[in-house]
Every structure is written in C-alpha cells, then in structure tokens.
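J.: In case you want the letters, here they are:
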Amino acid sequence: MTGWALFAAVFLACSVEAVEATTIVLAAGTTRDWRSTFTGVAAALVVLAGVIAAVGPALSAIPIQSLRLVVGGLLLVFGLQWLRKAVLRAGGYKALHDEAQIFRDEVTAARTAPRQRLGSVSDWYAFTLAFKGVLLEGLEVVFIAVTFGANQHNIVLAGVAAAAAVIVVASIGVAVRAPLARVPENTLKFAVGILLTSFGIFWGGEGAGAQWPGSDAALLVLVPMIALLGIGLTGALRLTGGSGSGEESAMSRSAVASGQ
Amino acid sequence: MSRVRAFAIFWYDFIVGDDWKLAAGAVVALVVTVVLSRTSVPSWWVLPAATVLLLSFSVWVVARGSSRSENESG
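In order, the protein sequences belong to chains U and Z.
Here the first sequence is numbered in my numbering, starting from 8 and rising by one per residue.
Here the second sequence is numbered in my numbering, starting from -8 and rising by one per residue.
Calculated directly from the structure, the hints in this document are not laboratory data.
Quick reminder that beta carbons are idealized off the backbone N, C-alpha and C, glycines included.
Please note: incorrect hints may appear among the correct ones.
As the list claims (entries may be wrong) - Which chain Z residues stay away from chain U? Per the calculated CB distances, all over 10 Å, these: (1) Ser(-7); (2) Arg(-6); (3) Val(-5); (4) Ala(-3); (5) Phe(-2); (6) Ala(-1); (7) Arg29; (8) Leu38.
To be verified - Computed footprint of chain U on chain Z, listed as stretches where at least three residues anywhere in the stretch have a Cβ under 8 Å from a Cβ of chain U: (9) 3 to 14; (10) 42 to 56.
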C-alpha cells in the first residue's frame, strides 16, 4: 500500500466522521454559546490526544504479525458493521443519514434546554453537546487512523491524513455556518464500509498467517469484490421492496439522527 | 459499577454494533484461518468467503423480519 493510498483511505474515512461532528458543533454554537462550544471541542481534543498518546506507542511495541491479527480483526468487525448499515440504508431498510435533519433536531433540543453555568463554562449544555459529539466521532477517527497507520508502519502519515480531513471539513463548516448536507454522506459511508471491510480481511488474513495470492495486489481484487457484494445486497433489498421499515421500525428517529 | 457497565456497553456498541453475529462470525473465521495456515491447505479464502456469507445472512435476516412484520400487520 503506497503512502498516497494510505493517505486517501484515511482522509476519506475520517471526512465522514468530521462531517457528523461538525453538524453537532454548529448546532451547539449557533443556538447556544460559541465560547462554551469551543471549550467543549477543545476538551474533547485533549482527551483524544491522550488516547492517541497512550494507544500509539503501545501498538508500535506489538510484533507486526500479532498486530495485524488483532487490528485486522477489529477493522473487519468494525467494517462489517459499517457496511451492513450502509447496505440497509441504501436498500431502504434504515433511514438515510440526513445531516440537515440531524442539525434541525439538535437545534430544537438546544433551544429548549435550560442554561446552566458550571465553573468557567457559561453554558454547560453547549459544552457537553460539543464535547460528546467531537469525542464520539473523534474516537472513530482515531481508531481508523491508528489501525491503518499501525498496519502500514506509518502512524504519522495516517495522523496527518486524519487531521487534514478534520481541518478541511471543519473549516468549510465554520465558513458556511450550516450543516454539510450537500456532502454525499451516505455514498461516502458505503465506500468507507467497503474500504474498512476489505483492509480488515487483508490485514486480518495476513496476521492469521494466510498467504495472499499476488501479495499486496490481492487488495485490487478484494476491494472490488466487497463493493460488488455491497451493491448486490443493496439491489436485492430494493427488489424485495425496502420501505424504511426493517430496523427502522425498532429505532427512534433521534437514534438515527445521533448517528447510531 | 454503573460507570464500568456504561463504559463496557459503549465499547461493545462501538466495535460490535447492532449484530453481534457478524462479530462472532468474523472471530471464528480468523481462528479457522489461523488453524488452516498451520497446515498445507491454503487459508486466504476463508475471510473473503466468511464475509460474503456473514453479511448476506445478516442483511437477509433484516429483510425477512421486515416482510414478516408487514405480513403480520397486513
């Protein structure tokens, strides 16, 4: 895997998470208090930096074979979950991720919440909303960057790609002061699910001792194969007439809106 | 104790998600790959095959559950 491919994969995956975090931060900032919101963002970034500082060196100390087995396995489990959601969304069995709707829900909730001062934070609601949003989405960014970077022995490049994605998305969000609803997020999530699953299979297999035919070139077959699987399953779901029922019937709109 | 439980639930949801059978199947497939790799039998096909089966089954369960509930309500 070349440096450019690593950069592109991590940048794409982390962009999706950054879009979701930006929506929550914008909702908190525009309806409540920007200072408390940015304090929440900063606090979440400090926690995330602590996680990176703890996990990064620990991963570097693990032998590459064991690392690929564990991290590849985690990536495969994570990717399968992600791809399953994307297929169900595209097939009509789960509500599509709608940043504009999520923004409206968060704004409505933020407008009705009481204002409470806690220490130096003038609006505790704005602080916690921004903190939780950035921390939860940020953990996914850290997970993706650390797993891809550790497997390729290039955590620095993966970190740069993740940071670039966050900076680009956050800058656009702050500039337009609106949720990035025009970003084709559901399509991006589908593509990221394919990438996570494919790399999980590849690295998990290597870690488990499998010898891939063609070595790294096997990825050129795995990625299209998983893409075809996802597209095929989506087509099958559409043929069976998905109508937003399925899992959607068992979950509230707010749960969908929170990105679960 | 409730914080420990909440912490565990958070990580379970984060990694495993809505369908635990996907995660369990992936772990079994990894173990089978490890075992096969110690023999003369090629093991690279296990994870791709398991992925196709697991994801197809997981999606089919949702589709089947949805059509059943529609039939029952209709």
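J.: Now tell me, hint by hint, if it's right for this structure.
T.: Evaluation of the provided hints:
1. Ser(-7): 18 Å, holds
2. Arg(-6): Given a closest Cβ separation of 15 Å, the condition holds.
3. Val(-5): 18 Å, holds
4. Ala(-3): At roughly 13 Å from the nearest Cβ of chain U, Ala(-3)(Z) sits farther out than 10 Å, so the non-interface label holds.
5. Phe(-2): 12 Å, holds
6. Ala(-1): 15 Å, holds
7. Arg29: 7 Å, violated
8. Leu38: Not fine: 4 Å to the nearest Cβ puts Leu38(Z) too close to chain U.
9. 3 to 14: Coverage by chain U holds here, the residue count being 9 at a Cβ distance below 8 Å.
10. 42 to 56: It holds: at least three residues are needed, and the stretch 42 to 56 of chain Z offers 10 whose Cβ sits within less than 8 Å of chain U.
Checked against the numbered hints above, the structure violates hints 7 and 8; every other hint is satisfied.
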